[in-house]
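First to last, the sequence lines map onto chains A and B. For the first sequence, the working numbering gives the first residue as 85, with consecutive numbering after it. For the second sequence, the working numbering gives the first residue as 53, with consecutive numbering after it.
Do not rely on the hints blindly, as some may be mistaken.
[Claimed, not checked] One-sided excerpt, in silico: chain B residues whose CB lies under 10 Å from chain A:
no., residue
1, 107
2, 110
3, 135
[To be verified] What the simulated footprint calls covered on chain A by chain B, stretch by stretch (three residues with Cβ under 8 Å from a Cβ of chain B suffice, anywhere in the stretch; the number is not a length):
no., region
4, 204 to 216
5, 287 to 300
Please keep in mind that the hints were generated in silico from the structure rather than gathered at the bench. For every residue, glycine included, the Cβ atom is placed at its ideal position computed from N, Cα and C.
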Amino acid sequence: MNAAQQIDRDAVSDRTQPLLKVRGLTKLYGPEKGCQDVSFELYPGEVLGIVGESGSGKSTLLSLLSGRCPPDSGVIDYRLADSHKSAGQWLDLYSASEAERRTLLRTEWGFVEQNPRDGLRMAVSAGANIGERLMAQGVRNYQALRAAGLDWLNQVEIDPARIDDLPRTFSGGMQQRLQIARNLVSGPRLVFMDEPTGGLDVSVQARLLDLMRGLVRELDLAVVIVTHDLAVARLLADRLMVMRRSHVVETGLTDQILDDPQHPYSQLLVSSVLQP
Amino acid sequence: MNALIEVRDLSKTFTLHQQNGVVLNVLGGLNFSVSGGECLVLHGHSGAGKSTLLRTLYGNYLPAGGSIRVQHQGEWLELVGAAPRDVLQVRQQTLGYVSQFLRVIPRVATVDVVMEPGLARGWKREDAQARAEHLLARLNIPQRLWQLAPGTFSGGEQQRVNIARGFMVPWPVMLLDEPTASLDDGNRQVVLELINEAKSAGAAVIGIFHDRLAREAVSDRHLDMTPPDLDPQASMASMASSPKETEQC
């Protein structure tokens, strides 16, 4: 057996195990405010969409999953990457130390905010934004950081000549693409996205969606994406969770939920969309 | 007989919660199996549930009961109740579905739309591109269009792009929803050739063909889908082949 086959085989065994195991996750701010009793498993390369109306608990769930806010009850287990010193071990997210969670969020995970200003450092250049995660991982060589900056600007379709410009001189769509580059430069395995196309013009949205589709496949990313836009969900997500008043009311294959929704609320959600 | 897909006692209902919980019984008690190299044609008037059956087999609609088993990578796999990731695996490797309608993705070039199923199986880009271009040429899509996104193409061109995509990779089981509808004679002939080539390569084909010539060219057996019970619901079932429309009232 040659080396390439060996790698293939390792990759296959990696894919047959979940990356994230979530059980009974609950965080309530009031009756039916927040999310309760959410359980699922996410596999490498899988894109999970969370849909539902405003206030249904989508964003709360995303904060819990991404280590930003401890749940009232429930467990999130994450399988550490092979490069990690305890490779293949399960990490209980909220039993881990704050430092461990922070490290995860800067290396193996990414988080794309709805508003790029929340996810970017607006006072430093585009190149510095992209280089930050690499520097946190100990890359000090200026040429290497610069090369990564140019490469990633190219990958997210921003003119590399803009590398020394501040993000505030960029359009909203460019800022969002820069935020994606900033997250993906560390080669994460799991990326959380909160309404990533939310504040953008439709024409800019299409470009961003196409870019994200390509990157998700190329990099074999697992993604949890919160969106209220069912067209975005259809384009990006393999499967969906429909949330209403803090509960998950339906889960399944994306096209099955959108074309043959079972729960009364899912049916209402799908039938309420205006067809252009 | 090497059956590749087996359906037992399959039923499908739609419950319209937004319309006083009306229940439409569209499919019930269906039994059949299809072998490699064989084409089963679905017969029945409009509204008998033919498209609903294909969509249910593909996992696009959720069955109410029964069993759908396919030969997937050398083993029988039950699709009713299967996990989404298993269904996606089956759709990548085993089960192909071709309708008349292309779901356009903004900005993606025609040749990329067509070769996607090949890339998803891990083909080399050159091989996938060569196969995609071969199919586009065969289906008479002018070469100057290959690098353009198909969103602005005519209906017939989009349909042929979708067929090229559907025949991009060899499928053990193929579901065809009127692939020849509204094509001109020349292009219909190409599609019929593609179907017969897929059969010769060992595919089990389940299809809907309204046009008699097409049916005769590919059919080995047919399944009669005229509903046996004519209870009051049955007349409503005629609306149910497009539940989306009924839900949007």
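Results of checking the hints against the structure:
1. 107: 7 Å, holds
2. 110: It holds, given that the least Cβ distance between residue 110/B and chain A is near 9 Å, below 10 Å.
3. 135: Where the cut-off is 10 Å and the nearest Cβ of chain A is about 9 Å from residue 135/B, the hint holds.
4. 204 to 216: Check failed, 0 qualifying residues.
5. 287 to 300: It holds, with 5 qualifying residues against the three required.
When held up to the earlier numbered hints, the structure conflicts with hint 4 and nothing else.
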